[in-house]
Amino acid sequence: MDVSPATLRHFADLFHARTGQELAAGRRWRIETALRPLLRNHRIDSLDRLAGAVAGGGDTALADAVVDALLNNETSFFRDGATFRQLEERLFATFAAARAQSRRLRIWCAGCSTGQEAYSVAMMIAATPDRWEGWRIELTGTDLSGRAIAQARDGVYSPFEIQRGLPIRDMMRWFEPDGENWRAKADLRARVTFSPHNLLDPPPAGLRADIILCRNVMLYLAPDRRRHLFASLASVLADDGVLMLGAGETVLGQSDLFVPDTTMRGIYRRA
Amino acid sequence: MKTCLVVDDSKVIRKVARHILETLHFNVEEACDGREALTRCTAAAPDVVLLDWNMPVMSGMEFLRALGTSGVSRRPKVVFCTTESGVAHIRAAIDAGADEYVMKPFDRETLQSKLSLVGMA
Ligand SMILES: C[S@@+](CC[C@H](N)C(=O)[O-])C[C@H]1O[C@@H](n2cnc3c(N)ncnc32)[C@H](O)[C@@H]1O
Ligand SMILES: [Mg+2]
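Keeping their order, the protein sequence lines are chains A and B.
Per the UniProt record's numbering: the first sequence = residues 1 to 271.
Per the UniProt record's numbering: the second sequence = residues 1 to 121.
Isolated chain A, as found in the complex (with noise of 0.2 Å):
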């Protein structure tokens, strides 16, 4: 498909106002391949034309659904194991002590794509119901990408999906078949609320949270938008929060409002 290098430009700089991500242009390739379903849905026929009726804030349905398009929304059930576990193994104890009074905890999935990193959490807590009984676990995913959040909302996965981290022991306790898929069962989906959120804008509405988990979403970011998006996260946690990066990414030198937890990989709390 001939494309001009003009149209690859408009499509990463609305990528990037809309997300805070930089399309590298040695990746703008890519920009083709995760357009042309797109291009066939809505009959244009071709990428400069799409880039045309985008222009301008034209068509705003149709450039949030180009960068919708354009997100990465990899993701997986229990995603980082041995990180992720020490929320089970040892945070949720702590909390559980610390909030013994209130007995309320707020964990915001921040950039939860389709809903396996949500989910997962939520099975971790459902393992020890006896340590929350009578608990209000308010437990929230936000992403940017509609489709995700859609998705996360149906908790509907495809055979590859489903088989990406999740052991065969949870997936015949938390899911039911759906066709050739597997669906989130009821009481797993009522754990978890879904909704779509842009993390350059202010956090979402009334939220505060406990423990936040953004995990594989600032690596995207320019600098700027990073440290603008960890204050942003300061700024809804609790003082005695944590804040859990993915694997491979840091506050150091990113931020100043965090610190590493001295025992805990991956884990941050507020300076």
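Since the hints were derived computationally from the structure, they do not count as laboratory data.
There's no promise every hint is true.
Partial selection, computed: residues in chain A whose CB lies under 7 Å from chain B [what the hints assert, rightly or not]: (1) 158; (2) 159; (3) 164; (4) 165; (5) 167.
Only pairs whose alpha carbons sit at most 30 Å apart, straight line, appear in this in silico BS3-like list of lysine-lysine [claimed, not checked]: (6) B:104 with B:2; (7) B:104 with B:15; (8) B:11 with A:185; (9) B:2 with B:77; (10) A:185 with B:2; (11) B:11 with B:77.
Ideal placement from N, C-alpha and C gives every residue a C-beta, glycine not left out.
Position chain B with the ligands relative to chain A; hints supplied.
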């Protein structure tokens, strides 16, 4: 280096699995039915068995049951790998002692993920 015994009556599946497992740094052995797999396990137990369900001579399920009473010194981890993806089959496999379960078709990431769940990758 860990050893994985691939048990499947399909030569194509064995070849695909072998290729993926070798990229995951496994030493790979093959058997084309449960009987042959059992013989191999008694001779030298692998670390993990990737096990088809439907095979001539001896099925995966029969192999799994026989493995339990075979007196192999070190029981390998058993990961079913089958087109049977109904809950009844999966439940039966777990009840019979399977450690993990792969629903075919699989790709590299599926195998890697399931092997890591049984502590092998
Ligand atoms: C690679 S996925 C990681 C998902 C999950 N947290 C994990 O670690 O498996 C990154 C997610 O961040 C989302 N994302 C990227 N930029 C965003 C933004 N500005 N606001 C909200 N979500 C964003 C993407 O849509 C994508 O779903
Ligand atoms: Mg077969």
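Verification of the hints:
1. At its closest, the beta carbon of residue 158 of chain A sits 11 Å from a beta carbon of chain B; the interface hint therefore is violated under the 7 Å criterion.
2. Annotation: interface hint on residue 159 of chain A holds; nearest CB of chain B at approximately 5 Å, less than 7 Å.
3. The interface hint given for residue 164 of chain A holds, since its Cβ lies 5 Å from the closest Cβ of chain B, which is under the 7 Å cut-off.
4. Restraint check, residue 165 of chain A versus chain B: the minimum CB separation of about 6 Å is within 7 Å; hint holds.
5. Hint status for residue 167 of chain A relative to chain B: holds, with the closest Cβ pair at about 5 Å, below 7 Å.
6. Straight-line distance between C-alpha atoms of residue 104 of chain B and residue 2 of chain B comes to about 23 Å, which keeps the hinted pair within the 30 Å bound.
7. Between the alpha carbons of residue 104 of chain B and residue 15 of chain B the distance comes to roughly 15 Å, so the proposed pair stays at or under 30 Å and holds.
8. For the given pair, residue 11 of chain B sits about 37 Å from residue 185 of chain A by alpha-carbon distance, which is inconsistent with the 30 Å threshold.
9. With a CA separation close to 11 Å, the supplied pair residue 2 of chain B and residue 77 of chain B stays within the 30 Å bound.
10. Distance check on the hinted pair: residue 185 of chain A and residue 2 of chain B sit about 37 Å apart at the alpha-carbon level, beyond 30 Å; violated.
11. A distance of roughly 22 Å separates the Cα atoms of residue 11 of chain B and residue 77 of chain B; the hinted pair therefore holds under the 30 Å criterion.
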